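J.: Residue-level listing of the chains:
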Amino acid sequence: MSMRVQHQRRARLVLGGLVALLLGAVGASLALGAVTITPGQVLAILGEQVGLALPWAYETRQELVLTVIRLPRVLLAISVGGGLAVSGAVMQGLFRNPLADPGLIGVSSGASLAAVVTIVLGSTVLGAWSDTLGAFLLPAAAFAGGVVATLVVYRLATRNGQTSVTTMLLAGIAINALAGAGTGLMIFIADDDQLRDLTFWTLGSLGGATWTQLAVVGPCLLGGMLAAPLLARPLNALLLGESEARHLGIRTERVKRLVVLLAAGVVGAAVAVSGIIGFVGLVVPHLLRLAVGPDHRVLIPGSAILGSTLLLGADLLARTIVAPAELPIGIVTALVGAPFFLWLLLRDRQRGVGYSF
Amino acid sequence: MMRSAALLLASCLLAFAAHAQPTADTSRIVTLGGSVTEIVYALGAGSHVVGVDASSLYPEAATEKPSVGYFRRLPAEGVLSLDPSLVLALEGTGPPTVLDQLRSAGVRTELIENEPTVEGTTRKIRRIAGLLGREAQADSLIQEMEAALAEARSLRQRATSSPRVLFIYARGSGTMNVAGTGTSAEAMIELAGAKNAVSGFEGFKPMSAEAVASAEPEVILMLTRGLESIGGVDGLLEQPGITLTPAGENQRIVAMDDLLLLGFGPRLGTAVKQLTEKLHPELDPASSSASRQ
Numbered sequence: 001m002s003m004r005v006q007h008q009r010r011a012r013l014v015l016g017g018l019v020a021l022l023l024g025a026v027g028a029s030l031a032l033g034a035v036t037i038t039p040g041q042v043l044a045i046l047g048e049q050v051g052l053a054l055p056w057a058y059e060t061r062q063e064l065v066l067t068v069i070r071l072p073r074v075l076l077a078i079s080v081g082g083g084l085a086v087s088g089a090v091m092q093g094l095f096r097n098p099l100a101d102p103g104l105i106g107v108s109s110g111a112s113l114a115a116v117v118t119i120v121l122g123s124t125v126l127g128a129w130s131d132t133l134g135a136f137l138l139p140a141a142a143f144a145g146g147v148v149a150t151l152v153v154y155r156l157a158t159r160n161g162q163t164s165v166t167t168m169l170l171a172g173i174a175i176n177a178l179a180g181a182g183t184g185l186m187i188f189i190a191d192d193d194q195l196r197d198l199t200f201w202t203l204g205s206l207g208g209a210t211w212t213q214l215a216v217v218g219p220c221l222l223g224g225m226l227a228a229p230l231l232a233r234p235l236n237a238l239l240l241g242e243s244e245a246r247h248l249g250i251r252t253e254r255v256k257r258l259v260v261l262l263a264a265g266v267v268g269a270a271v272a273v274s275g276i277i278g279f280v281g282l283v284v285p286h287l288l289r290l291a292v293g294p295d296h297r298v299l300i301p302g303s304a305i306l307g308s309t310l311l312l313g314a315d316l317l318a319r320t321i322v323a324p325a326e327l328p329i330g331i332v333t334a335l336v337g338a339p340f341f342l343w344l345l346l347r348d349r350q351r352g353v354g355y356s357f
Numbered sequence: 001m002m003r004s005a006a007l008l009l010a011s012c013l014l015a016f017a018a019h020a021q022p023t024a025d026t027s028r029i030v031t032l033g034g035s036v037t038e039i040v041y042a043l044g045a046g047s048h049v050v051g052v053d054a055s056s057l058y059p060e061a062a063t064e065k066p067s068v069g070y071f072r073r074l075p076a077e078g079v080l081s082l083d084p085s086l087v088l089a090l091e092g093t094g095p096p097t098v099l100d101q102l103r104s105a106g107v108r109t110e111l112i113e114n115e116p117t118v119e120g121t122t123r124k125i126r127r128i129a130g131l132l133g134r135e136a137q138a139d140s141l142i143q144e145m146e147a148a149l150a151e152a153r154s155l156r157q158r159a160t161s162s163p164r165v166l167f168i169y170a171r172g173s174g175t176m177n178v179a180g181t182g183t184s185a186e187a188m189i190e191l192a193g194a195k196n197a198v199s200g201f202e203g204f205k206p207m208s209a210e211a212v213a214s215a216e217p218e219v220i221l222m223l224t225r226g227l228e229s230i231g232g233v234d235g236l237l238e239q240p241g242i243t244l245t246p247a248g249e250n251q252r253i254v255a256m257d258d259l260l261l262l263g264f265g266p267r268l269g270t271a272v273k274q275l276t277e278k279l280h281p282e283l284d285p286a287s288s289s290a291s292r293q
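Taken in sequence, the protein lines are chains H and U. Quick note, in our numbering, the first sequence goes up one by one and the last residue is 357. Quick note, in our numbering, the second sequence goes up one by one and the last residue is 293.
Everything labelled a hint here was simulated from the structure, so no lab data went into it. The model shown is predicted, which means the values in this text are computed figures rather than measured ones. Backbone N, C-alpha and C define an ideal beta-carbon position, used for all residues, glycine too. Be a bit skeptical, because a hint or two may be false.
[To be verified] Computed from the model, here is a short list of chain U residues facing chain H with C-beta under 10 Å:
id: 1; residue: Gly69
id: 2; residue: Tyr70
id: 3; residue: Leu74
id: 4; residue: Gly78
id: 5; residue: Tyr169
id: 6; residue: Ser173
id: 7; residue: Ala187
id: 8; residue: Gly200
id: 9; residue: Glu202
id: 10; residue: Gly203
id: 11; residue: Ile253
id: 12; residue: Met256
Bound-form chain H, shown alone (with noise of 0.2 Å):
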């Protein structure tokens, strides 16, 4: 009993001390940025739009740039960060696997080769009307692409009203090749501009972020953020094994479909905005792992904090460190990411205690 107390309070302090990082995250990423702006004049800007009046004085521009640009942005890497990561650590726990991430069911590599189709197609289609339809045909693309390739998966390991993870594990293996080579031939047809345009799309940017976008998908992020935290218990349960689960009264099944349904959506929507950002899946949920344990009722909520806070961190590193130009989010949360994930491991390996779930 004093052991369940004691975990408890840990994972209420390691919980409030990331709402504080992502508090913090939120700030120094609305102060700073290519363009200065002072907090104080932050604050005065923002208080502006709720009808307040602050004593700090800011130029028009200053508050088009913080409004138009960055305040968006803000939201969509909080939005992008926490949905990965959530998707991740539900991921993780289906497969009772540290390396599940939600690329493995094929999302990742069906919104790539949809959005590659578009770059490279959609002007040769489309002609003159790809640039008008452009800004909304590659996201819309990319999220069905995610979202069919992803159903494609789940059609294929599920005979009988019974999915096999395993099955899903190796089918998504296939579809991510197939979708590989799709995304290759459209590479050997594309021109030079193209093809740097598909370079820089898997590579990531929230540098697109406006308020249409974010009314798109926000609900689609937030509304899986939202929800996640109801999987939480029947993934606790799956822990112990399928059938343990399902002799203690879990629909399997339904959870299956709905860590499938939400990973899909979630990253589909994520993938459409930001293109590819690896990392925060994978790493984010095994940071909390090993702070707070296997308990999803936490890990959960946590991982939505947490990637938040690395996405906004990411960015912020992308923006400023070459200002005026800007970095592609995926080098920096890869670069971040990777030796971590490395260190993690041989860390692991040392103390010879493996993962534990």
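Got chain H; can you put chain U on it based on the hints?
T.: Here is chain U on its own, set in the frame of chain H:
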């Protein structure tokens, strides 16, 4: 005498007519796209440039300006941080949402059409000059360009050969593409009185050794940086298929600067002249007798 007076009158009228177009606030300009930057400098407005993109490599002075990175992936806030009054962007600059953001932040943002022809280049220069209110400079710039083009034309008329030229675009030996029809490289090859050795496809395609050999190019044309990236002429000759071509056999490899050859900017005339000389060695009596064994 009469003619020059008429010319003067005409150019005055032209300048006047062009002045009717709204010129922009040119105090702080961000130029995106190598040839746009080059034109702005050639028109004498370089001192107003406060930022460029990664492809703006000429003139030297432009490379010292802050760079906002690759022009198809603009950072909106990065551009705004330079506090520009005017953004001149080559066609293809993007993403479109960022251009919209710049406009909604009150920055005049103009897209400059890019067409790889002589007429397209003239239009490009006139358009930028109109926006900068520098029509007179544009006239002399275009005259210079046309004089160089005329020299190239007379060279071409004296040329007795029309070699088959293969343009290879390389970024390291893993990525070698050849230029098909409709490319800016083909346009330059034809302006210099030669033929593109490849005609089966549009745009750039990865090169296969057999395809290169069967194209039988007499000259291989490359970008200076591209040739360097595969280890110079020696590196190129080691690529599969190259030694099987007449160009490889006779080591007729021509390399030219990226922006000069493919930029279609104010140096177009010079570029065509240089390329014509390099593709037709018979125009230079000393070298032609030396190369023939």
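J.: Now tell me, hint by hint, if it's right for this structure.
T.: Evaluation of the provided hints:
| no. | hint | in the structure |
| --- | --- | --- |
| 1 | Gly69 | holds, 3 Å |
| 2 | Tyr70 | holds, 7 Å |
| 3 | Leu74 | holds, 8 Å |
| 4 | Gly78 | holds, 3 Å |
| 5 | Tyr169 | holds, 7 Å |
| 6 | Ser173 | violated, 17 Å |
| 7 | Ala187 | violated, 15 Å |
| 8 | Gly200 | violated, 14 Å |
| 9 | Glu202 | holds, 9 Å |
| 10 | Gly203 | holds, 5 Å |
| 11 | Ile253 | violated, 21 Å |
| 12 | Met256 | violated, 17 Å |
In this structure, the earlier hints numbered 6, 7, 8, 11 and 12 are contradicted, and the remaining ones agree with it.
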